[in-house]
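Colleague: Once you've looked at the hints, dock chain B against the given chain A.
Residues per chain are reported as follows:
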Amino acid sequence: MTDLTNMTMAEALKGLENKDFTSVEITQAHIDAMAASKGLNAYITETPELALKQAAESDKRRAAGNAGELDGIPIAMKDIFCTKDVRTTAASGILHNFVPQYESTVSQKLLDAGAVTLGKANMDDCAMGSSNTTSHFGNVISPWKANDGNNADLVPGGSSGGSAAAVSARIAMAATGTDTGGSIRQPAAFCGLAGIKPTYGRCSRWGIVAFASSLDQAGAFGRNVEDAALLLQSMSGFDPKDSTSADLKVPDFAGALAGDVKGLKIGIPKEYRIDGIPEEISKLWDDGIAMLKDAGAEIVDVSLPHTKYALPTYYVIAPAEASSNLARYDGVKFGLRVDGDNLDSTYENTRAEGFGEEVIRRIMIGTYALSSGYYDAYYIKAQKVRRLIANDFTEAYKKCDALLTPTAPSAAFAIGENEDDPVKMYLNDVFTIPASLAGLPGMSVPGGLSAQGLPLGLQVIGRPWDEETVLRVGNALEKAVNFTAQPQSIGKIAA
Amino acid sequence: MSLTKKDVAKVASLARIKMSDEKLEALVPQLSNIIGFVEQLAEVNTDNVEPLASVVDINLRLRPDEVTDGGYQKEILANAPETLEGYFVVPKVVE
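Line order of the protein sequences matches chains A and B. Counting in this note's numbering, the final residue of the first sequence is number 495, and the numbers go up one at a time with none missing. Counting in this note's numbering, the final residue of the second sequence is number 590, and the numbers go up one at a time with none missing.
Since the hints were made in silico from the structure, they are not lab data. Check the hints yourself; a few may be wrong.
Result set (DMTMM-like, lysine to aspartate or glutamate): computed pairs, CA atoms no more than 20 Å apart in a straight line [as the list claims (entries may be wrong)]:
hint, chain 1, residue 1, chain 2, residue 2
1, A, 333, B, 580
2, A, 84, B, 580
3, A, 308, B, 580
4, B, 513, A, 344
5, B, 569, A, 85
6, B, 518, A, 85
To give a feel for the contact side, a few chain A residues facing chain B, derived at Cβ under 10 Å [unchecked claim]:
hint, residue
7, 199
8, 251
9, 330
10, 380
11, 426
As the structure is a computational prediction, the values presented were derived from the model and not from experiment. Glycine is no exception: its CB is placed at the ideal position from the N, C-alpha and C atoms.
Chain A extracted, bound-state conformation (with noise of 0.2 Å):
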C-alpha cells in the first residue's frame, strides 16, 4: 500500500487524480501521524475536525471536476498567518487567547486552491529566534538526531521550527512559513527540506502577524524543490490590501524546473568565506560548486564588499521595526491584559508577561534606537548601510544570474546551545540576512549530511523578481545532491 505520509505534494496531487486514495485518507494518515509525534511540539493548535471537513469537500469537489492546485494537501500553517476562528498566537503569550475574525490573505489563496489544514505550526515568539526555543508554548523538537550516541534533543532552526519539523516528520506534506532574516531558510536546512522564501513583495503580508515590516515575507517548504514551488505558487499574488505587495504577474514555479543550468552564470561571492567556518561547511560549498559546474553552468567569483555588515544593520533595523509594530499590544483591542492600578501600569504589566525574553530584548533594542538623540546614529545609519548592501547584491548581479552559499554557519545544534549570548545566536543567520535586508528571493535545498549525520543546507540567491531562476538551479543541485536521508523521529503508526 502507499505510504499516505511519504509521498511528494506532487505524487499526492497525481494520486489524488487517479482515484488511488481520497483526501480523507491522505488526512486520516497525518491525523494518526501527528498523534503519533506529540513530542515534537510542531504544531501548537491542532485542527484535525477541520481538516477532515476540508478533506471531504475536497474530495466532492475533485469528484466533480472542480478540484484546485493544491487539492486535497494538507499543510501545516505557521501560527503566524491569522486563521478565521482558528487560534494565531505567534507562539506569544501576548497574543495566546487570540482568535482572528478574518482569514490572511495568504492562508486564503492556500484555502481557494483547496488546501487541507492540519494546524497552526509552532515556532519562535513573534517570529523572534534562530532555534525555535523561544515560544510561549514550548521548544519544537527537531525529528532529527545526530549519530554520536548522545541522543540530544537537537533545535529545528526558527522562527518556522514547527513547519519545518512538521514537514521534515512526515505530519505536513508542506508548510507554510515566514522569513524575516532566515527563518525559513535556515529550518530548512537544519531539516533536510527545500525552504524558499520569494521576493520582498511577491507574497501579501495581510493577516501576518508583523514583525519587522520592510524585512517579514512568507514563502513555502516542500520535501522537494517542485513541492516548495507548486506551495509557493498558490501563495503568490498581488493583493491590494498589502501596499508593498506587487502587482505583478507571477511566474509558473513549477514550470521553471523543466530548464536547465547549462550557461547559467553562479557568483560566489568571496566575503562568504568567514572566518572560523568549520570545515564542512566549506566542504559542502564546495560541493555544491562543482555539482552546479557539472551541471554545464558557469563559475564567478563576485564580492559583496558590505557583508559583514549585514548583521549589525539587521539587528538595528528589524528591532526598530519590531519595536514600532508590537507597540500594538496593549491589553486592550485583544490578546493578553494583566491589569494594574491604572492605564500605564496596566500596559506595563500586560506587556511585560505577554512577551518572552527574546522579543523584550529586541523591542529594548529597538526603542533604544528609535529613541530621541540616537535615531540618526543607529537608525538612519542602518538604513544607509542597507542601502549599501543592496546595492553590493546589483553590482554582483551585473557580473551573475544567481548566487550560491551555504544558508547556516552549522548543522543543527542542541537545545540550550548558544543560548547564553544573545549575539552568538545571531549569527545563525549570517548567511540569509543579506539577502532579506536586499530583499532578494532566496531558498535553501539539502545539500548533502554533517560527519554527525545531520543536514546541510545549500542557499541560492536571485535578482529581484527571479524565484524562476533560484528554483532552477535548487531543482539542479537537488537532482546531483540525491538527498534521500530521512529524520530518525517519523510521524508513523508502526503498521
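Modeller: Same frame as chain A, but now just chain B:
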C-alpha cells in the same frame, strides 16, 4: 557604548514594559553587548548615501476615496479583554 541601569530603565519605560530591578540588571550587559556589536556600523562611510526604507521600487498606490469595507463592530470587539456597550474598556483615566 556601555549602557547604565538608568538608561535601560528609561528605555523600558518608553517601551511600556514593567521591569524588576533584577531584570534591569540582567539586561544591562546584554543590551550593551548588542549595542556594542551594532556600533561597528560607524566605520562604514555613508556620505551621500540615501537611507533605504523599502526595497520595493514602487510608488504607493492611490484609490478613490470611497467606503469599500467596514461595519465590523462585533468582530473588532470579539477579542477585547473587556467591553461595554460596544466600547473597549480601560482603567479609569480621568478622576
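Colleague: Which of the listed hints are broken here?
Modeller: Hints 2, 3, 6, 8 not satisfied by this model.
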